[in-house]
Amino acid sequence: LPPIGPQHSLGDDADTLDYFRLFFPDSLFEHMVEQTNNYALYRQRRSGRSDAHWHPTDIREMRAYVGLNILMGINQLPEYGMYWASDIFIGNAGFKKTMTARRFEKLNQNLHLCDRESEPSKGELGYDGLYKIRPLLDMVGSTMWDAYLPNRCLTIDECAIAPKGRFSPTQYMPSKPLRKGLKVWMLCDSRSGYCHRTRIYVGKPSNDLAAAALSHKVVTSLVRGLEGRHHHIFMDSFFTSVPLLQHLLHQGLYACGPTNPCRRGYPEALKPRNVGKLAPGEFYQCQHGNLVATITKDAKIVSCVDGDCGLAGLGIPRPLPLLLYQENMRGVDLCDQLRECYQFGRPCKKWWRYFLWFYVNLCIANAYVVQRESRGGSPPAGFNGKQFTQRHFRIRLAQQLIGDYQGARGMEPCHFLYYDEQKKHFMD
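Per UniProt numbering, the very first residue in the sequence shown carries number 1; after that it's consecutive.
There could be a bad hint or two in this list.
[Unchecked claim] The following label-pair restraints were derived from C-beta to C-beta distances:
1) GLU30 / GLU340: 26 to 32 Å
2) HIS230 / ARG273: 31 to 37 Å
3) LEU137 / HIS216: 18 to 24 Å
4) GLY377 / LYS271: 47 to 53 Å
5) PRO347 / ARG375: 33 to 39 Å
6) GLU79 / GLY281: 50 to 56 Å
Just so you know, the hints here were simulated from the structure itself, not pulled from any lab data. Please read these numbers as outputs of a predicted model, since none were measured by experiment. Note that beta-carbon positions come from the ideal geometry of N, C-alpha and C, so glycine has one too.
Put together the whole structure using the sequences plus the hints.
Structural data, given as structure tokens:
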């Protein structure tokens with residue numbers, strides 16, 4: 001196997017845009033251009049009138065549009081229109097130079113990732129609840145998997161996206177800072193926070209048997225391609241069960257996580273009613289083959305199952321499975337810290353936009369990790385600061401996406417939308 005970590009052929013002169021293209025290639029920008037132009041024509045045919053303010057976009061303009069959105073995460077203002085305000089203390093000269101506010105609004109209105117006219121309706125053959133973002137999921141899913149060879153320890157956990165649109169499968173997640181939102185399961189590196197693969201929650205399965213197998217399907221789909229590599233997978237109690245860990249062992253993978261002691265396969269001798277009252281730090285373990293079940297009392301009673309570490313030795317203040325879990329169950333949290341730093345994407349009624357900006361932010365976070373590890377922490381050429389942080393990475397990326405692009409001027413005044421306390425004008 002090649003060395004773990006970044007897998008690419010970029011040289012020492014590669015810059016932030018080159019690393020971002022590993023995950024968000026030009027072919028995806030071209031697809032966005034094609035579908036955005038098609039959707040603009042579709043809207044005009046459906047309404048029966050032409051849009052005098054619309055003209056087809058191209059890849060340079062689409063890159064600039066994404067670059068402006070990235071900068072909106074750095075320089076955050078309450079409303080879109082404020083970036084084009086005529087007030088010198090509010091308006092942004094760079095935004096005005098790149099494109100007019102009306103053009104930005106039109107790109108917002110027509111932005112699309114799929115062929116709307118060929119979308120199957122619910123109940124029809126080939127219906128896909130994620131059809132609107134399927135091209136994005138397929139392409140980004142492939143690039144994320146290929147660009148980084150996983151380390152030994154990996155984390156499977158959920159993250160939440162705050163929704164404002166009409167997408168019914170929202171979930172209540174009490175352990176997350178955002179307790180209700182769109183759920184995405186992620187497979188992340190426990191050391192770097194790099195995200196290898198994602199799976200979106202699209203609703204409860206249609207029957208109880210399928211619902212019981214959901215956790216099994218999520219884990220097996222996330223680790224597909226890792227069979228026989230002996231990775232250590234750390235997961236939470238939603239996933240951990242004896243049958244799943246046995247299945248992973250047969251696939252050449254080890255797993256560890258807390259579990260509900262009432263689940264099938266958990267040792268009867270370690271169930272709370274049979275163990276009795278535990279003192280802080282006291283624990284009991286049972287082993288069956290390579291599987292070890294543990295019950296202990298830390299802040300509360302904890303039960304876990306592990307497929308690799310064996311029984312705890314003397315002198316260890318906590319059971320070894322719990323120590324390993326606490327040390328490595330952090331990959332998704334590290335990824336969230338990177339992804340949520342200067343994230344962008346405004347509230348809207350279209351649910352798929354949340355996933356679009358989620359994956360763009362995720363591609364930026366992954367690109368930053370790959371650049372940092374590829375260059376050993378040294379900044380790219382031309383950077384004069386002491387430390388090249390993700391903020392510098394995002395600003396530099398946005399500048400390179402925009403480049404020297406300047407939209408057509410004179411079609412409408414650059415102060416088309418401005419911040420007005422009386423009118424409260426919001427963009428779509």
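Cross-check of the supplied hints:
1. GLU30 / GLU340: 26 to 32 Å: Distance hint for GLU30, GLU340 holds at roughly 29 Å.
2. HIS230 / ARG273: 31 to 37 Å: 36 Å, holds
3. LEU137 / HIS216: 18 to 24 Å: Because 21 Å falls inside the window, the suggested range holds.
4. GLY377 / LYS271: 47 to 53 Å: 49 Å, holds
5. PRO347 / ARG375: 33 to 39 Å: Once the Cβ atoms are compared, 36 Å apart, the range 33 to 39 Å for ARG375 and PRO347 holds.
6. GLU79 / GLY281: 50 to 56 Å: Taking Cβ atoms as reference, GLU79 and GLY281 lie about 54 Å apart, which means the hint holds.
Hint violations for this structure: none, all hints satisfied.
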